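Engineer: The chain contents come next:
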Amino acid sequence: MSRHESREELIRSRARVVAAGDNTRRRIQRELHGGAQQRLVQAIITLKLAKADPSPELIAEALAQAESAMSELRAIVHAIMPAALARGGLRSGVESLLDRVALPVEIDVAPERMPPQIETTAYFVIAEALTNAAKHAGATGARVRAAQRDGELLVEVRDDGAGGADPETGTGLLGLADRVAACGGTLTLDSPTGAGTTLTVTLPL
Amino acid sequence: MSLHSSAPYAKLEVSVRCLIVDDSDEFVASAARLLGSQGLDVVGSASSGVRALELAGSLEPDVALVDIELGEEDGIELSHVFAAQAPATRVVLISSYDQADLGDLISRSPAVGFLPKTDLGAAEIRAILA
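Those sequence lines, one after another, are chains A and B. According to the working numbering, the first sequence is numbered sequentially starting from 23. According to the working numbering, the second sequence is numbered sequentially starting from 59.
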């Protein structure tokens, strides 16, 4: 890659990072507004009815609506930045993903704490790879490994799905590549059609 | 509500016939129940602009409560269509947003007012129409 080409690519990747940030905000706005906010509107209306007529049925209904808002908020808060990741590091963060991914996942993640940017990047790489495995590749299982080696964090996510993933077409994978590049790391995708996908990322510590 | 406290409503307030235009069945059901319990006459509901205008024509409601977001449709656009095609029905825009979140979108529409869904109530609607 010539100096000119690498400058062009840098400008493109910066534009993608900004666009990815805007898309994330849009998605969060839509999810909060369409989900928890509507459930809370319902709860408030039901409580207004219950204020005039305090029946156990109305109170139970308002409670169910508030609980449903709470569970939607929990899911969104987790998607923004899981508490387990910030408090317990990468292994806890990945553990917190397992209930939310519709796929059995075997994990082998080193427990050591690392700089927040590394933990966060590694976490979102793993989260995106597992989401792709479950949603797009039709995988029946996946394995996650993350270990420090020679001053790097090596992350590998392997699934047994359909393969054929192309980083040029999926914005998710391109977004990951930009995020990893911003940390000075590398991303390798091995996804032969019909033979599963292995995503390997290295991040300098 | 006790008979005692509802009695002044019957004396002082004329009936308000109200159409709810919102694409959430859940909201329509709760809003109709709340407004009905507070003495408003909810005569119908619609989840699209086309249906709302049909009902405005056949039911001639005094007021249409129109969500600013009707799925892919826009309630503010619909308020303009109401002003042109069903001028006897006044439009009150509603939303789970607060008015401050909407900039000048409300003041630039022909709607007679705006109510956040969390402030929905017969008294609030009567105050806007008064």
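Hints listed in this document are in silico derivations from the structure and should not be mistaken for laboratory results. Since this is a predicted model, take the numbers as computed values, not measurements. We treat Cβ as the ideally placed atom computed from N, Cα and C, and that holds for glycine. Errors might be hidden in some of the hints.
What follows is a list of derived Cβ distance ranges for each label pair [as the list claims (entries may be wrong)]:
hint, chain 1, residue 1, chain 2, residue 2, range
1, A, I98, B, A146, 21 to 29 Å
2, B, R91, A, R36, 47 to 55 Å
3, B, A181, A, L85, 42 to 50 Å
4, A, I33, B, A181, 23 to 31 Å
5, A, S35, B, R109, 30 to 38 Å
6, A, S35, B, V170, 45 to 53 Å
7, B, D83, A, P76, 47 to 55 Å
Engineer: Does each hint hold? Answer for all of them.
Structural biologist: Okay, the hints, checked on the actual structure:
no., hint, in the structure
1, I98(A) x A146(B): 21 to 29 Å, "violated (43 Å)"
2, R91(B) x R36(A): 47 to 55 Å, "holds (52 Å)"
3, A181(B) x L85(A): 42 to 50 Å, "violated (26 Å)"
4, I33(A) x A181(B): 23 to 31 Å, "violated (57 Å)"
5, S35(A) x R109(B): 30 to 38 Å, "violated (47 Å)"
6, S35(A) x V170(B): 45 to 53 Å, "holds (50 Å)"
7, D83(B) x P76(A): 47 to 55 Å, "violated (26 Å)"
Consistency with the previously given hints fails for numbers 1, 3, 4, 5 and 7, ordered from lowest to highest.
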